[in-house]
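First to last, the protein sequences are chains Y and P. If you count the first sequence from 1, position 49 lands on 48 in numbering that gives the first Met the number 0, and the numbers rise without skipping. If you count the second sequence from 1, position 129 lands on 128 in numbering that gives the first Met the number 0, and the numbers rise without skipping.
No wet-lab data here; the hints were simulated from the structure. One or more hints might be untrue.
Said to hold, decoys possible - Here are the simulated SDA-like cross-link-like pairs (lysine to any residue), alpha carbons at most 25 Å apart as the crow flies:
(1) P/Lys372 <-> P/Asp350
(2) P/Lys372 <-> Y/Ala95
(3) P/Lys176 <-> P/Leu226
(4) P/Lys372 <-> Y/Thr75
(5) Y/Lys77 <-> P/Glu69
(6) P/Lys58 <-> Y/Asn32
(7) P/Lys382 <-> Y/Arg93
(8) P/Lys372 <-> Y/Asn32
(9) P/Lys58 <-> P/Gly109
(10) P/Lys382 <-> Y/Thr75
(11) P/Lys372 <-> Y/Glu53
(12) Y/Lys88 <-> P/Leu226
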Amino acid sequence: MAAEFVTAVKTSEIPTDGITAIDVRGTRVAVANVGGTYYAFADACTHEQCSLAEEGELAGTTVTCTCHGSEFDVRTGKVLAPPATLPVKVYPVRVAGDALQIEV
Amino acid sequence: MPRAYVIVGASLAGATAAITLREEGADGTVTLIGAEHEPPYERPPLSKAYLRGEVPFDKALVRPSAFYAEHGIETVFGTRATRIDPSARLVELEDHRRVPFDALLIATGGRNRRVSIPGGDLEGIYGLRTVQDADRIRKEMVAGRRVVVVGMGFIGSEVAASLRQKGLDVVAIDPSKTPLFRVLGEAVGQTIADLHRAHGVRTIFEDTVARFEGTRRVASVVTKGGLRLECDFVVVGIGIEPAVDMLGDSGIHLDNGVVVDEHCRTNVSGIHAAGDVANHYHPLFDRQMRVEHWHNAVKQGAAAARNMLGKPVVYDEVHWFWSDQYDANLQYAGFHTKWEQLVVRGRLDSDSYLACYVNDGRIDAVVGLNRAKDVRRVMPLIKARRAVDLEQLRDEGVDLRTLHASP
Ligand SMILES: Cc1cc2nc3c(=O)[nH]c(=O)nc-3n(C[C@H](O)[C@H](O)[C@H](O)COP(=O)(O)OP(=O)(O)OC[C@H]3O[C@@H](n4cnc5c(N)ncnc54)[C@H](O)[C@@H]3O)c2cc1C
Ligand code: FES
């Protein structure tokens, strides 16, 4: 299936400066709300697969996987601190009314 | 003027320093010298996923092996440095090569303490520090075989867990009252003992090994308390000692490792140390300390590199480590040797708690079982070195981040 935007969640369900995990067509996606801007990325740390929604601590646009301290930029998925070495996959998002749509 | 940056010890601290030197634009050569044949790799998997055969060795590499050449880092692997001549500014290698340096980093880490116990040189007795050690243990790991784990510090505890997970019959012995007793104390250590027993480890505390018996190979462990433990092999995890042999006549100040200040500098100008080998001055705690943590090796390796480049950064990270055993994630942050109060959030007899080691109303250190986020939230409180409201600290209803905000 080609990637397309899917209405995933109401924006009001994602707390400010928090991360929420949602299921988008069978893919577990983490959505971070950074002061009203939303970023979506795979909900699995590339180090040892901890859930970033559950174990992640968000500070600005950096999520720290608290399992072993890997840090990622939620905008790009880039690794900012080890032990992870591979980026997390990020998904494009857009807001349509009160809904958040994610391209998976 | 281009300079020669030389790093001895090609593991986590050394590799991180080399990478940082390049990232920060070092003008000159960067040479990474290491006794092991493999490119720098992470040790944590050696007692966990790699030991259990769940991840290939490649996954443990700090960087892919081609990285170093691609980034202008010269590597000399499989070669031990034997001596440092601070006045001629040379590192001597075991193959008699001499490597000149302008700035030197000692990142030689530690090596396993040896057991001087009768029978200690029988076959089938293993330590665990390198990937070769892990491979030797892996060969012995067949479900149903009997192993005695000597020492229930972090490495022993993790090995015991991995061996149980692979279906081996595990007996663990330690002279203290509990696992991790020296660091975590009795109350918390007890919870780790319970964890291991719940997973079927037979634990023996307050007893030590008197001798190993067997003809060529170890067949049993006899304790001072008079127990005889039949076994197929033994894993010994009784700690490390800093690797400082090459520094004997160097004039570099040695005391429980290489003594450095908060800039990772030794007493000899231009020579630095970082990682497990470095007994460093920690400004937050106003004392020297040497720790054996992954995080310290990374952060101090990077800080040392910056200082080598003449960018004076103070190394004052709150120390932090994790230990994964079975499905449990144990984390510790800070530094403590004694404590007036142990303030607990949650219950120690449950599978998730946070315990703070408190002196003068201040949190010196924290340990958490399956509380990774909380441990991280306490770290700013440790760094602040201020008294905190202990009732709030204890109260699950209070967000630890708001505790941080209060003056
Ligand atoms: C099995 C295991 C599991 C671990 N798990 C965890 C964990 O879960 N969490 C955690 O926080 N920490 C863990 N650690 C600790 C962590 O791995 C160490 O703190 C870290 O490796 C220290 O890095 P280092 O570079 O300072 O020293 P080391 O890793 O000890 O490396 C030093 C290197 O220097 C080389 N060397 C020594 N002398 C010379 C010489 N004369 N010439 C050339 N080379 C030399 C050595 O061969 C070695 O490669 C674990 C350690 C082990 C062994
Ligand atoms: S699983 Fe995220 S840092 Fe290890």
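For each hint, the structure was consulted:
no.: 1; hint: P/Lys372 <-> P/Asp350; result: holds (15 Å)
no.: 2; hint: P/Lys372 <-> Y/Ala95; result: violated (33 Å)
no.: 3; hint: P/Lys176 <-> P/Leu226; result: holds (17 Å)
no.: 4; hint: P/Lys372 <-> Y/Thr75; result: holds (23 Å)
no.: 5; hint: Y/Lys77 <-> P/Glu69; result: holds (20 Å)
no.: 6; hint: P/Lys58 <-> Y/Asn32; result: violated (32 Å)
no.: 7; hint: P/Lys382 <-> Y/Arg93; result: violated (39 Å)
no.: 8; hint: P/Lys372 <-> Y/Asn32; result: holds (18 Å)
no.: 9; hint: P/Lys58 <-> P/Gly109; result: holds (23 Å)
no.: 10; hint: P/Lys382 <-> Y/Thr75; result: violated (30 Å)
no.: 11; hint: P/Lys372 <-> Y/Glu53; result: holds (9 Å)
no.: 12; hint: Y/Lys88 <-> P/Leu226; result: violated (54 Å)
This entry does not satisfy hints 2, 6, 7, 10, 12, going by the numbered hints stated previously.
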